[in-house]
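Student: Based on these hints, arrange chain F on the given structure of chain L.
So the protein lines, in turn, are chains L and F. Residue numbering for the first sequence is 1 to 474, as defined by our numbering. Residue numbering for the second sequence is 1 to 474, as defined by our numbering.
Treat the hints as calculated values from the structure; they're not laboratory data. Among these hints, one or two may not hold up.
What the hints assert, rightly or not - Label-pair restraints from in silico Cβ distances: (1) 62(F) / 167(L): 53 to 63 Å; (2) 321(F) / 168(L): 28 to 38 Å; (3) 15(L) / 35(F): 35 to 45 Å.
Beta carbons are placed, not taken as given, at the ideal position from N, Cα and C, and that holds for glycine.
Protein chains: 2
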Amino acid sequence: MDAAAFRRYAHQVADWMADYLEQVDQYPVKSPAKPGDILRQLPDAPPEAGEDMEDIFRDFEDILLPGITHWQSPRFFAYFPANTSYPSLLAEMMTAALGAQCMVWETSPAAAELEEKVMDWLGQLIGIPATWSGVIQSTASDATLCALLTAREQVTGWEINTSGFPAGRRFRIYASSQAHSSIEKGVKIAGFGQENLVYIPTDADFAMVPSALEAAIEADLAQGYVPLLVVACLGTTSSAAVDPLATIGEISTRYGLWLHVDAAYGGAAMILPECQHFIQGIERANSFVCNPHKWLLTHFDCSAYYVRDAAALVRTFSILPEYLRTAVTGQVKDYRDWGVQLGRRFRALKLWMVMRHYGMSGLQAHVRSHITMAQEAAGWVDAHPHFERVAPVWFSLVCFRWTPPGITDPETLDTLNATLLKRLNDSGTIYLTQTRLGGQYVIRLAIGQTFTTPRHVAEAWAQICETAELVQAE
Amino acid sequence: MDAAAFRRYAHQVADWMADYLEQVDQYPVKSPAKPGDILRQLPDAPPEAGEDMEDIFRDFEDILLPGITHWQSPRFFAYFPANTSYPSLLAEMMTAALGAQCMVWETSPAAAELEEKVMDWLGQLIGIPATWSGVIQSTASDATLCALLTAREQVTGWEINTSGFPAGRRFRIYASSQAHSSIEKGVKIAGFGQENLVYIPTDADFAMVPSALEAAIEADLAQGYVPLLVVACLGTTSSAAVDPLATIGEISTRYGLWLHVDAAYGGAAMILPECQHFIQGIERANSFVCNPHKWLLTHFDCSAYYVRDAAALVRTFSILPEYLRTAVTGQVKDYRDWGVQLGRRFRALKLWMVMRHYGMSGLQAHVRSHITMAQEAAGWVDAHPHFERVAPVWFSLVCFRWTPPGITDPETLDTLNATLLKRLNDSGTIYLTQTRLGGQYVIRLAIGQTFTTPRHVAEAWAQICETAELVQAE
Chain L
1 MDAAAFRRYA
11 HQVADWMADY
21 LEQVDQYPVK
31 SPAKPGDILR
41 QLPDAPPEAG
51 EDMEDIFRDF
61 EDILLPGITH
71 WQSPRFFAYF
81 PANTSYPSLL
91 AEMMTAALGA
101 QCMVWETSPA
111 AAELEEKVMD
121 WLGQLIGIPA
131 TWSGVIQSTA
141 SDATLCALLT
151 AREQVTGWEI
161 NTSGFPAGRR
171 FRIYASSQAH
181 SSIEKGVKIA
191 GFGQENLVYI
201 PTDADFAMVP
211 SALEAAIEAD
221 LAQGYVPLLV
231 VACLGTTSSA
241 AVDPLATIGE
251 ISTRYGLWLH
261 VDAAYGGAAM
271 ILPECQHFIQ
281 GIERANSFVC
291 NPHKWLLTHF
301 DCSAYYVRDA
311 AALVRTFSIL
321 PEYLRTAVTG
331 QVKDYRDWGV
341 QLGRRFRALK
351 LWMVMRHYGM
361 SGLQAHVRSH
371 ITMAQEAAGW
381 VDAHPHFERV
391 APVWFSLVCF
401 RWTPPGITDP
411 ETLDTLNATL
421 LKRLNDSGTI
431 YLTQTRLGGQ
441 YVIRLAIGQT
451 FTTPRHVAEA
461 WAQICETAEL
471 VQAE
Chain F
1 MDAAAFRRYA
11 HQVADWMADY
21 LEQVDQYPVK
31 SPAKPGDILR
41 QLPDAPPEAG
51 EDMEDIFRDF
61 EDILLPGITH
71 WQSPRFFAYF
81 PANTSYPSLL
91 AEMMTAALGA
101 QCMVWETSPA
111 AAELEEKVMD
121 WLGQLIGIPA
131 TWSGVIQSTA
141 SDATLCALLT
151 AREQVTGWEI
161 NTSGFPAGRR
171 FRIYASSQAH
181 SSIEKGVKIA
191 GFGQENLVYI
201 PTDADFAMVP
211 SALEAAIEAD
221 LAQGYVPLLV
231 VACLGTTSSA
241 AVDPLATIGE
251 ISTRYGLWLH
261 VDAAYGGAAM
271 ILPECQHFIQ
281 GIERANSFVC
291 NPHKWLLTHF
301 DCSAYYVRDA
311 AALVRTFSIL
321 PEYLRTAVTG
331 QVKDYRDWGV
341 QLGRRFRALK
351 LWMVMRHYGM
361 SGLQAHVRSH
371 ITMAQEAAGW
381 VDAHPHFERV
391 APVWFSLVCF
401 RWTPPGITDP
411 ETLDTLNATL
421 LKRLNDSGTI
431 YLTQTRLGGQ
441 YVIRLAIGQT
451 FTTPRHVAEA
461 WAQICETAEL
471 VQAE
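Same shape as in the complex, but just chain L (with noise of 0.2 Å):
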């Protein structure tokens, strides 16, 4: 391919990405692909000789678009979401066109100082203390697994970096019990153990319980162990529940502990006034994450990390062979040591095209309007009585759980939402994941994607209502 036909098919491909960003509420939003459906469509092996862009195209369209969950949709409810908007999407052309590897500041200084400065911008205005530092991680697995090493790191002296665990320090991890997966995964992966991540009890709206909290740490300090971290979350996977950020933030410095903020979701929140009082305390943490990639416009992957400390931070994954040292080695941020990874692509760029193209009222609008539009969601629900709602909607997710009249088994009641929500998911006309909270089975609709109106969240709450019923009279 010549540049000639590059600017030809990318005219082509850019009116494809208008009309599918135009087209998405009409596909299916779960793809109804059954396993195996696209692999038995591929084959075997490559081709030998080069093919046509056209097949290509044709191939993506007919095998690859019907096996594609359509995340951009307005219709899209599930998990949280992959926010992208415009101006990323603009962005990410330039950044794939410029192909530039950011590992160094070298390597490209306008995007390593375009990083310091937009993860600037962010933290104003979520409001992180103006003497910490920010870095784009990938995923909050990612910025969460360097909060639990550098935490590591520094209660030793960076002992276990330079020797390995010692014997009979058996350190302790706290999370609530409703924290992410991320978390324990992160425990593992830094040798801790996850029989040593202890899961805090949590109170009716699923926030952490800081005497809990309290009391698990004094008994593990009776029993030897060394308390070393502990993650409060604003804005739980399961139900978005925020946990008492100012308490935790006391008990953790009273026992010297490293507190991480895991605000993958709720960060975004945190850009409102009103949503303010819930990251009171924040300088009491020494790390804290945010995804701009789930709920502020911004293309995956670009998880916003701050901490008190950088140094010590880049104390944890600092490497310098020769052939990565630069004559500005020292005097600029090198951001290869800010984590695991070494590549990065130019991820500051999509962040600020689009808080400049929003600005900071367009962007609290957009979080605020979510809110708004869950707030009315949830009171629908509470309205229903054949509905109840499970947990408290701080931010844009709406727990909820169908409550058919006469029926009072729980196994029954599972089972009846769970046919309720693949039934809607098979509509192909709305995607919504499930939870279980209190161990119950629990429906979860996440408002958040960039396209969603209140008309999309009426309609879908009108067919979660006419799906019940026809679910019931079966």
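Tutor: Same frame as chain L, now just chain F:
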């Protein structure tokens, strides 16, 4: 921005992409920016109100572009290339438009099944045993960490994941003294301690000396250490040295070590029949990594990780909270369990479009052309009385050193070579980086950028010779 405006801007950016890549030759390869040059042009706070896209594009051109190091310039000979290509670029556009999260099969069946298939295809080209399984990781750092963790867990029966490091078992990792810094990083992260990374001496070609590996293992066993894993490199970062895989495989098998093959760069060359001898013995290995984003025309991030025992990998990383359970959990490949990150882009698409567009023959011609250019450049170095080549050229990297007449002092020679390199890079017309080999400062000419032709290499060599004469005359 509405859909119509996006369409307009997408066409504008499509033209910018095509223009940029047509004209990339004309930019200074290495950005001339000084530390702070970009930062000081960026406001300290994000805008309150949204801004015009025209202003944002203008600032991109005026402020950011001068701070970009142009990795897609045909005159880029630094590090290893960060390959892109036109079909890969089109795929990046489509991937970004879809904005799909490919963490589990159900969240995009086509992404999961295409990933399985293209990993099979690439494995066939490289010569990976047919029974192995592949997965796309972000970076080779991630892949190497996966290998270290899976080895750690397998040898302990997944006990460290469960309970943490046992007292008194001290694991040892082996790699050549030329091994990449990501191995040290992974050894630290996994909790082994860098003291337990044993660097094995290399021969005159900078390849691991197998007898030295065996001696190190024996010495460690005698001292009560547990030899765990050895890394063999096919194409080291400093000099593209190739460790003797078959012999290392015999040793690793004899001692029961995990053998991880780091072919992040060199793996691409394995698609050539004339290079297949380097990968002889792969069947004794446990894991293998090759980065198509280095030298196979595919955008970052795309690191191909192959394992002999997929079940061991999955068992190491598996987590299954209710909110990630799907109807087909266990029947399909949920790639979230194949690595550190949960969130995953649709990365298989670009590799599929590249493999189909070029075909096996096109990919081979591409890689072979770079090797031919490197061999030609090596010949020029060898023929020049005042330059010396310091490493064999197996692939597309030429390591050389300027040895002006009458100068024998090692420090003076190092300084002169550093001066020459700085002068070359400051010119803007070429970008190379350095390393140290045998204690000496060495200049690396890494050929492999997608648009590099024999003319660019010839011009680079002419500039190197002329600049050396100018420096000498000073």
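Student: Now, for every hint given, state plainly whether the structure supports it.
Tutor: Checked hints:
Checked against the hint of 53 to 63 Å, the C-beta distance between residue 62(F) and residue 167(L) comes to roughly 59 Å, which is consistent with it. The given range of 28 to 38 Å is respected by residue 321(F) and residue 168(L), whose C-beta atoms sit roughly 32 Å from each other. A hinted range of 35 to 45 Å for the beta carbons of residue 15(L) and residue 35(F) is consistent with their spacing of about 42 Å.
In this structure, every one of the numbered hints holds.
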